[in-house]
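Peer 1: Read top to bottom, the protein sequences are chains R and X. Position 307 of the first sequence, counted from 1, bears residue number 307 in my numbering, the numbering being contiguous throughout. Position 366 of the second sequence, counted from 1, bears residue number 366 in my numbering, the numbering being contiguous throughout.
Be a bit skeptical, because a hint or two may be false.
One copy or two, either will do: identical chains are not told apart, so a pair holds if it fits within one copy or between any two.
As the list claims (entries may be wrong) - No more than 20 Å apart at the CA atoms, straight line, and that leaves these computed lysine to aspartate or glutamate pairs for EDC-like:
#1 K337 <-> E78
#2 K106 <-> D302
#3 K81 <-> E151
#4 K106 <-> D267
#5 K24 <-> D149
#6 K81 <-> D214
#7 K311 <-> E62
#8 K162 <-> E65
#9 K106 <-> E208
#10 K337 <-> D121
#11 K81 <-> E342
#12 K162 <-> D261
#13 K74 <-> D108
#14 K106 <-> E304
#15 K245 <-> D59
#16 K81 <-> D121
#17 K337 <-> D86
#18 K81 <-> E304
#19 K164 <-> E297
Keep in mind the hints are simulated off the structure, nothing from the lab. Note that the coordinates shown come from a computational prediction; the quantities given were computed from them, not determined experimentally.
Number of protein chains: 2
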Amino acid sequence: MKFKIKRSILLNALANVSRAVSQKTPLPALTGIKFELTDEALILTGSDSDITIQTTITDQLEIIEPGAIVLSAKYIVEIIKRLDSDDVSIFILDGTLTRIQGGSSKFDLNGTDAFDYPRIDLSQNGVHLTIGSQLLKGLIEKTVFATSDKENRPTLTGVNFKAKETTLTAVATDSYRLAQCTTSLEENQSFNIVVPKKSLSEISRMIEKDENMDVFVSDHKILFVVGNFLILSRLIDGAYPDVSKLLMNNFNSSLSINANDLLKAIDRAALLSDDAKYIITLSMSPDRVRISSNSQEIGSVDEELPEAFYKGAPLDISFSAKYLNEAIRSINTETVKIQFTENMRPFMITDVDHDDNIQVILPVRTY
Amino acid sequence: MKFKIKRSILLNALANVSRAVSQKTPLPALTGIKFELTDEALILTGSDSDITIQTTITDQLEIIEPGAIVLSAKYIVEIIKRLDSDDVSIFILDGTLTRIQGGSSKFDLNGTDAFDYPRIDLSQNGVHLTIGSQLLKGLIEKTVFATSDKENRPTLTGVNFKAKETTLTAVATDSYRLAQCTTSLEENQSFNIVVPKKSLSEISRMIEKDENMDVFVSDHKILFVVGNFLILSRLIDGAYPDVSKLLMNNFNSSLSINANDLLKAIDRAALLSDDAKYIITLSMSPDRVRISSNSQEIGSVDEELPEAFYKGAPLDISFSAKYLNEAIRSINTETVKIQFTENMRPFMITDVDHDDNIQVILPVRTY
Chain R
1 MKFKIKRSIL LNALANVSRA VSQKTPLPAL TGIKFELTDE ALILTGSDSD
51 ITIQTTITDQ LEIIEPGAIV LSAKYIVEII KRLDSDDVSI FILDGTLTRI
101 QGGSSKFDLN GTDAFDYPRI DLSQNGVHLT IGSQLLKGLI EKTVFATSDK
151 ENRPTLTGVN FKAKETTLTA VATDSYRLAQ CTTSLEENQS FNIVVPKKSL
201 SEISRMIEKD ENMDVFVSDH KILFVVGNFL ILSRLIDGAY PDVSKLLMNN
251 FNSSLSINAN DLLKAIDRAA LLSDDAKYII TLSMSPDRVR ISSNSQEIGS
301 VDEELPEAFY KGAPLDISFS AKYLNEAIRS INTETVKIQF TENMRPFMIT
351 DVDHDDNIQV ILPVRTY
Chain X
1 MKFKIKRSIL LNALANVSRA VSQKTPLPAL TGIKFELTDE ALILTGSDSD
51 ITIQTTITDQ LEIIEPGAIV LSAKYIVEII KRLDSDDVSI FILDGTLTRI
101 QGGSSKFDLN GTDAFDYPRI DLSQNGVHLT IGSQLLKGLI EKTVFATSDK
151 ENRPTLTGVN FKAKETTLTA VATDSYRLAQ CTTSLEENQS FNIVVPKKSL
201 SEISRMIEKD ENMDVFVSDH KILFVVGNFL ILSRLIDGAY PDVSKLLMNN
251 FNSSLSINAN DLLKAIDRAA LLSDDAKYII TLSMSPDRVR ISSNSQEIGS
301 VDEELPEAFY KGAPLDISFS AKYLNEAIRS INTETVKIQF TENMRPFMIT
351 DVDHDDNIQV ILPVRTY
């Protein structure tokens, strides 16, 4: 293997591909990035076996001798980053010893034989859909924060994507709150899958432009095509729980309020809470809306929300400030609408005008 | 105690005073900031008993009723930061329960009686000197990084300031390298003290303007007057070791090189080192200067420094890349001069034209 390439192109490719690599893998070859040089292109692959990122480079590349090698992700990225030259030459010196040369610097890195790298199938087959990249990014960012961190219910650690006819729904819940976001597809589709949150965060991070992108859903995996990058993720096995009981619509009262005012008030009220979930209390009547919290040890906070409009019977409801903060940020609108049933029933946060993004929070009991 | 104050003024004062406060103190009152309201001013004090920061506020302050209280540093800073109003009112409600009010928010914070706060003497006495604030900041920043982290030789964890006639010398060493910086004083002085590094870092951070500042040195403490702030630090007891044997001047050879080129080359060479001190080797002859390092496991790096000028017999010398990096950054000049005796003797780094900042590094043996 021998080639010369523009340093900035290689660095950008490596920086993205290396995001899939984990240093904690049982398979040593997976701590590296696979370099495959064909007669036409340089193919770079990084994987932790849950997620794989691959890119194909043809631009500003001089292919001297095809071949393949696996180079430590940790070192190759740092080397390419710190070289001082416009171009970099990479070639195998002897066995797996690989020289990386740029300017007056020469690095000789011990590589791993490419045969030791697992075979990963990145072929584009299965159910095919086309979706706007910013639409997909929106679905991910408006739901992924509500996934669970606990491994005891694996499906809850991912986002459930359900396609039915031309509607695509993304749902995440950690069983204390729920985030749901809906969009339209151009063609009829039918699938019901759970994608791990780490994969979704990487995909969202890699989406920059607004363009149509291809997605392929198969039995145990999903493949995204983002620009020059292929991102393959395993799916989480198991049926996603039925969340319809959290998505009720028999509300008794409703609050509409400026999102930014509410965010700041939540932030202040959460300050003195000694609970890790920052429990705060909203006390509402048509005359007056207050937010408060208190800690025996530290003290208490109480403030009025002058620009809040409440319709319904007086209600006191306590919940996690962190969850309401994340729900409001997800909805990302000027005025939010919060609808309540009673003080121990879930409440729903939406945009005042739209309901394509629904956020549900379960209250907590305070004593 | 009752007063009203402009929020931004209080926030700036609290942010600085709270830097002295540690949450890990055996004396609970020291986790708080002491508020003392006299007929003329608000005096705020924070301390961890090693370092004390105090400020006196008279501007944009409405004194309603003098008094005193200690409020948790952790909470009061965050509360003042998050309030939405221009002004803040603070007053004792009952006992030590203190109300902080701004806009439509009310916080009731459990305080601590001011009598429980230790008496700290911040009187301005002892040996008095006047020094330019940027000069002092320079002395600190060019030496403090070379102090030791190990508590077994306490004096090495601080910087030694020695005044003799009109010369002030700051020295720090961790016994593997040494940093020395010298400046002139306007009047004759005589003292020899060791100031803890944490105190120096705080003082350096608080110096913004270039102005004359007052410093008072007494037996066990040093007081700095920085703008509206008083900073009192304990001194480290014990005699500072004699470092003159590290400051030799019988050199056999010398290298002059662009500081930035050398920094980048060090950075690359250190990359593959598997030692925590990043051992690299400089190989010099009048024809050629190379920098290299290698790790059995990872690989090796070798590069030429084309713009390096070496005079003397050929020499290979190995040392910590981290130490040389910090020494060069401290000298902060375009061209550095490095002078050598032999491969296991300390070498000295200075500006090519000045020697008010001297950096010394001990080489290591490589096998």
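Peer 1: If the cut is 20 Å between Cα atoms, do K106 and E208 qualify within a copy, between copies, both or neither?
Peer 2: neither (34 Å within a copy, 43 Å between copies)
Peer 1: Give the relationship of K164 and E297 under a CA distance limit of 20 Å: within one copy only, between copies only, both, or neither.
Peer 2: Intra 52 Å, inter 53 Å, cutoff 20 Å: neither.
Peer 1: Have a look at K81 and E342 and pick one of within, between, both or neither, based on CA distance no larger than 20 Å.
Peer 2: neither (57 Å within a copy, 34 Å between copies)
Peer 1: As a check of your reading, is K311 near E62 (CA-CA no more than 20 Å) within one copy, between copies, both or neither?
Peer 2: Result: close neither inside a copy nor across copies, 69 Å intra and 41 Å inter.
Peer 1: Give the relationship of K245 and D59 under a CA distance limit of 20 Å: within one copy only, between copies only, both, or neither.
Peer 2: Answer is neither; intra-copy 53 Å and inter-copy 58 Å both fail.
Peer 1: For K24 vs D149, is the C-alpha pair at or below 20 Å within one copy, between two copies, both, or neither?
Peer 2: within (19 Å within a copy, 31 Å between copies)
Peer 1: Checking an output row: K106 and D267, CA cutoff 20 Å. Within, between, both or neither?
Peer 2: Result: close only across copies, 13 Å inter versus 52 Å intra.
Peer 1: When no copy is named, should K81 and D214 be tagged within, between, both, or neither for a Cα gap of at most 20 Å?
Peer 2: Neither, since 31 Å and 46 Å both go past 20 Å.
Peer 1: For K337 and D121, with the copy left unspecified, which applies at a CA distance of at most 20 Å: within, between, both, or neither?
Peer 2: neither (46 Å within a copy, 56 Å between copies)
Peer 1: One pair to classify: K162 and E65, alpha carbons no more than 20 Å apart. Within, between, both, or neither?
Peer 2: Answer is neither: 46 Å inside a copy and 65 Å across each miss the 20 Å cutoff.
Peer 1: Regarding K106 and D302, is the shortest C-alpha distance of 20 Å or less found within a copy, between copies, in both, or in neither?
Peer 2: between (64 Å within a copy, 5 Å between copies)
Peer 1: Are the CA atoms of K337 and D86 at most 20 Å apart within a copy, between copies, both, or neither?
Peer 2: neither (54 Å within a copy, 29 Å between copies)
In this structure, the earlier hints numbered 1, 3, 6, 7, 8, 9, 10, 11, 12, 15, 16, 17 and 19 are contradicted, and the remaining ones agree with it.
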